[in-house]
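Protein chains: 2
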Amino acid sequence: MKKGESTMTEIKFERAAALKAKPQDESKLGFGSIFTDYMFVMEYTEGRGWHDPVIKPYGPLPLDPSAMCLHYGQEVFEGMKAYRAADGRILLFRPEENFKRLNTSCERLCIPKVDEAFCLKALEQLVEIERDWVPHIPDASLYIRPFIIATEGKLGVHASNSYYYVVVLSPSGPYYAAGLDPVKIYVEKSYVRAVRGGMGFAKTGGNYAASLKAQEEASEQKYAQVLWLDGVERRYIEEVGAMNIFFVIGDEVVTPALQGSILPGITRKSALELMASWGLTVSERRLAIDEVAEAYDKGLLKECFGTGTAAVVSPVGELKWGDKVMEIGGGQIGPVSQRLYDTLTGIQWGKVEGPAGWSVEVCK
Amino acid sequence: MKKGESTMTEIKFERAAALKAKPQDESKLGFGSIFTDYMFVMEYTEGRGWHDPVIKPYGPLPLDPSAMCLHYGQEVFEGMKAYRAADGRILLFRPEENFKRLNTSCERLCIPKVDEAFCLKALEQLVEIERDWVPHIPDASLYIRPFIIATEGKLGVHASNSYYYVVVLSPSGPYYAAGLDPVKIYVEKSYVRAVRGGMGFAKTGGNYAASLKAQEEASEQKYAQVLWLDGVERRYIEEVGAMNIFFVIGDEVVTPALQGSILPGITRKSALELMASWGLTVSERRLAIDEVAEAYDKGLLKECFGTGTAAVVSPVGELKWGDKVMEIGGGQIGPVSQRLYDTLTGIQWGKVEGPAGWSVEVCK
Ligand SMILES: Cc1ncc(COP(=O)(O)O)c(C=O)c1O
Ligand SMILES: Cc1ncc(COP(=O)(O)O)c(C=O)c1O
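Chains A and B supply the protein sequences, listed in that same order.
Residue numbering for the first sequence follows the numbering used here, starting at 1 and increasing by one per position.
Residue numbering for the second sequence follows the numbering used here, starting at 1001 and increasing by one per position.
Check the hints yourself; a few may be wrong.
Said to hold, decoys possible - FRET-style restraints, in silico, Cβ to Cβ:
| # | chain 1 | residue 1 | chain 2 | residue 2 | range |
| --- | --- | --- | --- | --- | --- |
| 1 | A | A86 | B | G1156 | 26 to 34 Å |
| 2 | B | G1156 | A | Q338 | 52 to 60 Å |
| 3 | B | K1056 | A | E46 | 27 to 35 Å |
| 4 | A | D323 | B | E1252 | 41 to 49 Å |
| 5 | A | T45 | B | E1361 | 42 to 50 Å |
| 6 | A | V352 | B | E1233 | 42 to 50 Å |
Stated by the list, open to error - Among the chain A residues that face chain B by a calculated CB cut under 10 Å, a handful are:
| # | residue |
| --- | --- |
| 7 | G79 |
| 8 | A117 |
| 9 | G153 |
| 10 | L155 |
Unchecked claim - Away from chain A, derived, C-beta distances all over 10 Å, residues of chain B:
| # | residue |
| --- | --- |
| 11 | E1026 |
| 12 | E1043 |
| 13 | T1045 |
| 14 | L1061 |
| 15 | G1088 |
| 16 | L1120 |
| 17 | R1131 |
| 18 | Y1223 |
| 19 | A1276 |
| 20 | W1278 |
| 21 | E1291 |
Hints were generated in silico from the structure; no laboratory data involved.
Since the structure is predicted, the reported quantities are computational estimates derived from the model, not experimental observations.
Idealized CB from N, CA, C, for every residue including glycine.
Required output: the full structure, derived from the provided sequences and hints.
And the structure:
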C-alpha cells in the first residue's frame, strides 16, 4: 500500500455520556476557547496508512512524553469555519482548498498525506452532529481546526511513523464587536517569521512559534499585529500575523506574490478572484515597504487591508514603519475593503450567490 | 510573584508498581527509543509559577487536543547525557550550560523561565534514582531530554498560560559501532533551516521540523546529514543537522560565529575552549562555502568535523557541494578531531581531568 493511502470505510461514532451546556451569550464567545462535544480522530500507522476514523467525545489525547510533535514540531493544521445561513442551512466556504493546503503542509513536513475527499466527508459528518453549536447571531461562526501531529515516541530526529489527525470545533464570536474597525499594525524590523527555503508556506507550528515574540512586543505597544518583511533583504512585504495583506496604490490592488515564505491564504485567493471579476487591476508581485511609503507620501496609498479566515477582511488604519506613521483612509473603511468584506461574508453566510462551488452546504 | 518564579520546596516521588526489565544487550540500544522507569514533571500556571515537581512513572501526558504545543509549536528542549565512569561514578558534562540554554530558548519562545539550579538538582535526583539504567559498556550513555511544552487549550495565537516541564531518560548505545568513522555530508542548496531574526539559536521544535525534508532527501542519497548555508546569501556555512561544524584550514581552526541562526552547541563551546588552551589558532567567524572549496583546491583543507552531544566529534570524510566532491583526510581521522574526541570523551567518562566544573558527579 502506498504511503498515506487510507484503509477506511466508515466512521465510528462514540456517543458522549452527557452533552455540555451550549453557550448562553453568543456575543461573548471570543475565539477558540470553548469546544463542542465531539471531535474527529483518525490514526496513521506506517504500513497501514490512515485508519480507525472515529467521532468521539472531545477529550485529552494521551501522548507519549517522547511523541515527536512535542520535541520536533512535526505538526500541521488548518483553519476554516461553518456558517449558519438565515434559512438555517449550515455552510462551509471552499473547504477543498483547506484540505489541499493541509496536504501541501504535510508534504513540507514529511507527514503522510490525507485523503482530501474523505476528510471533507468526515468533517461534514462531524459538523452535522454538532450543528446546534453553530452560532446563531450575525457574524459568529463555528471555527474548525483540523490538525495532524506526530505521535511516535522516539527521540531521533526523523519523520514519525505514526500520527493523529484530529478535528476540533469551537463556536466563536463576531471578530468585530462593533462593526469593521481599522487596526493598527507596525512593520517588524528585528524578527523574521520565515524565509524562502524554509516552511513559511506551510501551516505548521514552527511558523507561529517564531512569531510569538514579535506579536508580544507589538501588543505591548498597543499594535494589533506586525507586518513581516522578507528575511533576505528585509525590505519586501510578506504578510501579517494571521492574514495576508493588500494595498490599493493608485488604481492597482497589490498583494505580495507567493514565493514560498508566506501562507497562501484562501481568503487572499478568493479576494484576488473576486476583484479580478470586478474588473479591478490586481497584481501579485514583490512590493517593497519603501514603495508603500513613497505611495503614501504621494497620496496614492488609498487602502490597506488584511485577509484571513478569522477577520475575513481587516482594514488597516495605521501602518508604522520605524518613525514613519502612515494613517490610511482617515479611520474609514475604503470602498475596496468594504466591498470585499460584504461580498465574502455574504457568500459565507449564504446571503449572496458566489462563484460555483465556493459555498458547500453541510445540512439544512 | 514574578513570572517564572518557582514555588517549590521538595520533589514528590510516586513509586512505580513494577519496574521494566533493563536492556539485555547494551550494544543494541540505538538512540532515544527506550525509556527508563521514571520521569520528572512540573507544571507552570500563570500567577502560580512553576509548581508540583514530581518524579513519577514514565507514561502518557494527557494533553488537551487544543494544547498550544500541538498547534503553534510553543516548545523547547535540551539534550545531554549521564556517563558511567570506570569507578562507578555517574557524571554529567557541563549541565548548567544546558539549563542556561534552555532558558535562552524559553525567552525566544515566550515561555516562562525555569530555576536553573532547581532543575539541575531535580535532574540529579532523577538520574540517581535511575542510576542502574546508565549503560555500562564503553561509549554508551544515558541520554537526558528535558523539555517544556505549552499546554493551554486555546486556539488564539499567543503565548500559553500553562506549561509542562518534563525530563525523560533514554539509555543509548555507542554512536560509533565500530570506532570513529568519517561521515558524508552535502551542502544543502534548496532548503534553509533558520535565518537571522528567526529562532535558529533556540532549541525548539520548529527548527527541527524545518530540517526533516532536507534530511530525508539526504538519506535517500546516502548522505548522513546536510550542511546548512545561511538563508540570506546562501553562501555562509551554518551547521549540520544536530552538530556544529569546524574546518581546519591551514593552521587555523574555523567555525561559524554565533549570529542568531545556529545553535550555540555546548560541545562547540567546549571544543573551542580546549583548542585555545592547546595553543591552536581558533576563529569564530563567517566562513563561505567557496572559501572552503578554495582551501580544498589548494590542499589546505586538512580536517572537517562536527561537534554535538550525540556524536561528540564526528569527522567529515566527504563534503559535496553541487558537483564538487571534496574528500577530506583520505578516510582517516585527523589529529585535531582525534585529540578533541579523546579529550572530550575522556572528561565525560571521568578518565581525564577537565577544566574545573566541566564534570558534575551525580552519585557514586
Ligand atoms: C500566517 C497566516 N497568513 C495568512 C492567513 C490567512 O489564510 P486564510 O485566508 O486561508 O485563512 C492565515 C490564517 O488564517 C495565517 O495563519
Ligand atoms: C541543530 C543543532 N546544532 C548543534 C547541536 C550541538 O549542540 P550540543 O553540542 O550542545 O549538543 C545540536 C544538538 O545537539 C543541534 O540540535
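Results for each hint:
no.: 1; hint: A86(A) / G1156(B): 26 to 34 Å; verdict: 28 Å, holds
no.: 2; hint: G1156(B) / Q338(A): 52 to 60 Å; verdict: 26 Å, violated
no.: 3; hint: K1056(B) / E46(A): 27 to 35 Å; verdict: 30 Å, holds
no.: 4; hint: D323(A) / E1252(B): 41 to 49 Å; verdict: 43 Å, holds
no.: 5; hint: T45(A) / E1361(B): 42 to 50 Å; verdict: 43 Å, holds
no.: 6; hint: V352(A) / E1233(B): 42 to 50 Å; verdict: 49 Å, holds
no.: 7; hint: G79; verdict: 8 Å, holds
no.: 8; hint: A117; verdict: 23 Å, violated
no.: 9; hint: G153; verdict: 8 Å, holds
no.: 10; hint: L155; verdict: 3 Å, holds
no.: 11; hint: E1026; verdict: 17 Å, holds
no.: 12; hint: E1043; verdict: 14 Å, holds
no.: 13; hint: T1045; verdict: 17 Å, holds
no.: 14; hint: L1061; verdict: 5 Å, violated
no.: 15; hint: G1088; verdict: 26 Å, holds
no.: 16; hint: L1120; verdict: 20 Å, holds
no.: 17; hint: R1131; verdict: 20 Å, holds
no.: 18; hint: Y1223; verdict: 14 Å, holds
no.: 19; hint: A1276; verdict: 30 Å, holds
no.: 20; hint: W1278; verdict: 32 Å, holds
no.: 21; hint: E1291; verdict: 21 Å, holds
Checked against the numbered hints given earlier, this structure breaks hints 2, 8, 14; the rest are met.
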